[in-house]
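*Asks:* First to last, the protein sequences are chains Y and F.
For the record, in the first sequence the residue sitting at position 34 is 34 according to my numbering, with numbers rising by one throughout.
For the record, in the second sequence the residue sitting at position 114 is 114 according to my numbering, with numbers rising by one throughout.
Careful: at least some of the hints might be erroneous.
Stated by the list, open to error - Subject to a maximum C-alpha distance of 20 angstroms in a straight line, what follows is the list of computed SDA-like cross-link-like pairs (lysine to any residue):
no., chain 1, residue 1, chain 2, residue 2
1, Y, K42, F, K57
2, Y, K2, F, K57
3, Y, K42, F, P39
4, Y, K2, Y, N27
5, Y, K56, Y, G9
6, Y, K2, F, L11
7, Y, K42, F, Q44
Claimed, not checked - Here are some, though not all, of the chain Y residues that point toward chain F, as calculated from beta-carbon distances under 7 angstroms:
no., residue
8, Y39
9, K42
10, G43
11, P44
12, K70
13, G100
These are calculated hints, taken from the structure and not from any lab test.
These numbers were taken from a predicted model, which means no experiment stands behind them.
Where is the CB? At the ideal position from N, CA and C, for every residue including glycine.
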Amino acid sequence: QKEVEQDPGPLSVPEGAIVSLNCTYSNSAFQYFMWYRQYSRKGPELLMYTYSSGNKEDGRFTAQVDKSSKYISLFIRDSQPSDSATYLCAMSAPGGGADGLTFGKGTHLIIQP
Amino acid sequence: KAGVTQTPRYLIKTRGQQVTLSCSPISGHRSVSWYQQTPGQGLQFLFEYFSETQRNKGNFPGRFSGRQFSNSRSEMNVSTLELGDSALYLCASSAGLAGGPGTDTQYFGPGTRLTVL
């Protein structure tokens with residue numbers, strides 16, 4: 001079992017829809033949770049960063065962490081064609097450890113105009 | 001502020017050769033981490049350097065090595081290339097706060113796409 005599981009998609013939704021992206025994980029030591037967006041032929045860019053459980057909102061993006069279920073989510077409201085990209089969840093334990101960031105494999109999102 | 005730069009952007013090598021990739025971090029950042037990204041395995045952590053010292057290391061064979069210079073620029077080297085080394089190699093820089101890559105926001109470069117024939 002991989003430490004972090006993420007549905008690879010592709011996930012295709014119409015413009016304006018609410019998008020829900022999810023990751024599950026098995027390592028209970030993870031405390032820091034991130035979402036990165038990666039466009040084709042580009043490096044990942046950080047979207048959201050949360051510590052421990054709870055919600056965090058930034059514009060159209062909301063990140064949720066449920067440590068009891070080992071489940072994290074990213075919601076995108078009023079989705080735009082420019083949101084079409086691969087979304088990667090990443091997480092780590094305090095101190096980073098020997099593994100740096102542990103990433104999911106990414107979900108390929110397509111927003112249809 | 002300029003972002004993370006990586007050179008070259010594309011590279012084609014043959015099996016058995018070696019390759020050196022370069023990364024220039026954001027000005028003022030002291031930590032550089034390297035990742036390998038493939039369709040099958042996703043993004044995997046290679047190693048992290050801070051102040052010219054390797055601070056963290058992932059689970060990769062010794063053919064993968066790196067170093068960091070006093071100006072925080074970093075290089076990674078892969079010796080005796082194998083077909084399976086074909087990947088996008090990403091470099092990420094951060095301020096290098098205590099605790100390593102997991103507790104410190106990382107900013108990624110565009111990557112070097114390595115193809116091994």
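*Asks:* Hint by hint, work out which the structure violates, then give me just those numbers in ascending order.
*Replies:* 1, 5, 6, 8, 12
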